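Top line first, the protein sequences correspond to chains A and B. The first sequence begins at 1 in this note's numbering and counts up one residue at a time. The second sequence begins at 1 in this note's numbering and counts up one residue at a time.
Treat the hints with caution; some may be incorrect.
Said to hold, decoys possible - Listed below are several chain A residues computed to face chain B (Cβ distance under 8 Å; list not exhaustive):
| no. | residue |
| --- | --- |
| 1 | 34 |
| 2 | 40 |
| 3 | 42 |
| 4 | 46 |
| 5 | 49 |
| 6 | 79 |
| 7 | 82 |
| 8 | 89 |
| 9 | 100 |
| 10 | 101 |
| 11 | 102 |
| 12 | 104 |
| 13 | 106 |
| 14 | 114 |
Unchecked claim - These stretches of chain B come out as covered by chain A in the derived footprint (C-beta under 8 Å, 3 or more residues):
| no. | region |
| --- | --- |
| 15 | 30-41 |
| 16 | 44-56 |
| 17 | 63-74 |
Since the hints were derived computationally from the structure, they do not count as laboratory data. All figures in this text were calculated on a predicted structure; none of them were measured in a lab. Heads up, the beta-carbon is just placed ideally off N, CA and C, and yes, glycines get one too.
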Amino acid sequence: DQQVKQNSPSLSVQEGRISILNCDYTNSMFDYFLWYKKYPAEGPTFLISISSIKDKNEDGRFTVFLNKSAKHLSLHIVPSQPGDSAVYFCAASDRNSGYSTLTFGKGTMLLVSP
Amino acid sequence: ETGVTQSPTHLIKTRGQQVTLRCSSQSGHNTVSWYQQALGQGPQFIFQYYREEENGRGNFPPRFSGLQFPNYSSELNVNALELDDSALYLCASSWGSAKNIQYFGAGTRLSVL
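Next comes chain B alone, as it looks inside the complex (with noise of 0.2 Å):
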């Protein structure tokens, strides 16, 4: 039990529509990461939040975005939804924005149609 905990577990949506996922930290950890892992292939860095501000990401498009917020929670938002988006999303916390260990939650698995 990794105190990271992200909901839902489960989503259907259609083509083009919009999805907001959630992700609560481990208690103490200021840093947030998000993966997107497709079937069949590890876990692929989209960004990171440290302290409220991006501070990393990686090679998604600007339809993928993020926010954290005071208490540390954070959302990922991902826009005009493509069948290729299909896939488990995973959030990790850490302490610190280098250095440490990440700490994933169980994930979200996205189903676009």
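One chain only, chain A, in its complex shape (with noise of 0.2 Å):
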């Protein structure tokens, strides 16, 4: 049973416009979410993150978006950039739980073309 979901697993975009992905969660417990990206032959890298207080959360060309009731979040990504081609992964995590395990999405992989 998978409590994180990635449903699309690539997303082609244009150099400058933006990229939009999603992430779906069933875990009511889930009280912080990360957002990875990952290059081949390297290790995920934190992008951004967003508590469950909050319903949007912004670092410069990076927004994810947080819709509690749908328990549904996106990670907006304005302009898009050839660099950013990479998986993401959506990541969950219950802070409460005493340690903090991240239950991940299947990724999506991102092609931002010149």
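Join the two chains, each given in its own frame, into one complex according to the hints.
Here is the structure:
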């Protein structure tokens, strides 16, 4: 039973346009959400996070939106750049569990073409 | 560059053998978590060590075991290797046992033949 779902395996966007990556979760105990970016032959790199008490967090070109009632979050990248081409993982955590395990989705491969 | 280093980078073993993977945490981090990433999947939590004690475990059998040392480096041991253990093994470090962002190493690619 997948608790974190990324239903789009891949996404293609032109340089300069907006990239929107989506993520759904089922566990109501999740209260902290993160996005990681992964290049081939490298480990996942932390990108941006959001606590469940917020509905938006912005960091430069990256914005994460959280809709708790729909159990849905999205990552917006504006403007998209070719260097953003990577696999993006959505991850969730229950910070009241006493330890910080991350539950990941399967990832979405983003390709930004010039 | 996260400061988390893993060794070896690649490893080939045969079924039934045992393997030890190593991880050096980012300076100042006292918590290490291990994840298994199978092809086409997201990383799956194996276990977490905080101040040398295991304080959380995912749905993995006991033949997956670990250690954390006083300098916060860590080992993942897998006994009686099975073909399905072929995966990328990721180590992540953080400060504190909860509420913090985890920083990942580049992983060890294990192939079991």
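> Do the numbers back the hint for residue 40 of chain A, that is, is its least Cβ distance to chain B under 8 Å?
Replying inline: Residue 40 of chain A check fails; min Cβ-Cβ to chain B is 10 Å, beyond 8 Å.
> Once the shortest beta carbon distance from residue 79 of chain A to chain B is found, is it less than 8 Å?
Replying inline: Status violated, d = 25 Å.
>> Can you verify the interface hint for residue 89 of chain A: is its Cβ closer than 8 Å to any Cβ in chain B?
In response: Since the shortest Cβ distance to chain B is 6 Å, the answer is holds.
> Was the hint right that residue 46 of chain A lines chain B, CB cutoff 8 Å?
Replying inline: Holds, about 5 Å.
> Close enough to count: is the Cβ of residue 114 of chain A nearer than 8 Å to one in chain B?
Replying inline: violated (27 Å)
>> Quick check: do three or more residues in the region 63-74 of chain B have a beta carbon closer than 8 Å to a beta carbon of chain A?
In response: violated (count 0)
>> Let's test the interface hint: is any C-beta of chain B closer than 8 Å to that of residue 49 of chain A?
In response: holds (6 Å)
> Under the criterion of a CB-CB separation shorter than 8 Å, is residue 101 of chain A in contact with chain B as hinted?
Replying inline: Nearest chain B Cβ about 4 Å off; hint holds.
>> residue 102 of chain A was flagged as interface toward chain B. Is the shortest Cβ-Cβ separation under 8 Å?
In response: Interface hint status for residue 102 of chain A: holds (6 Å vs cutoff 8 Å).
> Should the interface hint for residue 82 of chain A be scored as holding, given a Cβ-Cβ cut-off of 8 Å against chain B?
Replying inline: Cβ of residue 82 of chain A sits 21 Å from chain B, so the hint is violated.
> Given residue 42 of chain A as an interface hint, is the shortest Cβ-Cβ distance to chain B below 8 Å?
Replying inline: holds (5 Å)
> Does the interface hint hold: is residue 104 of chain A within less than 8 Å of chain B, judged Cβ to Cβ?
Replying inline: holds (3 Å)
In this structure, the hints that do not hold are numbers 2, 6, 7, 14 and 17, in rising order.
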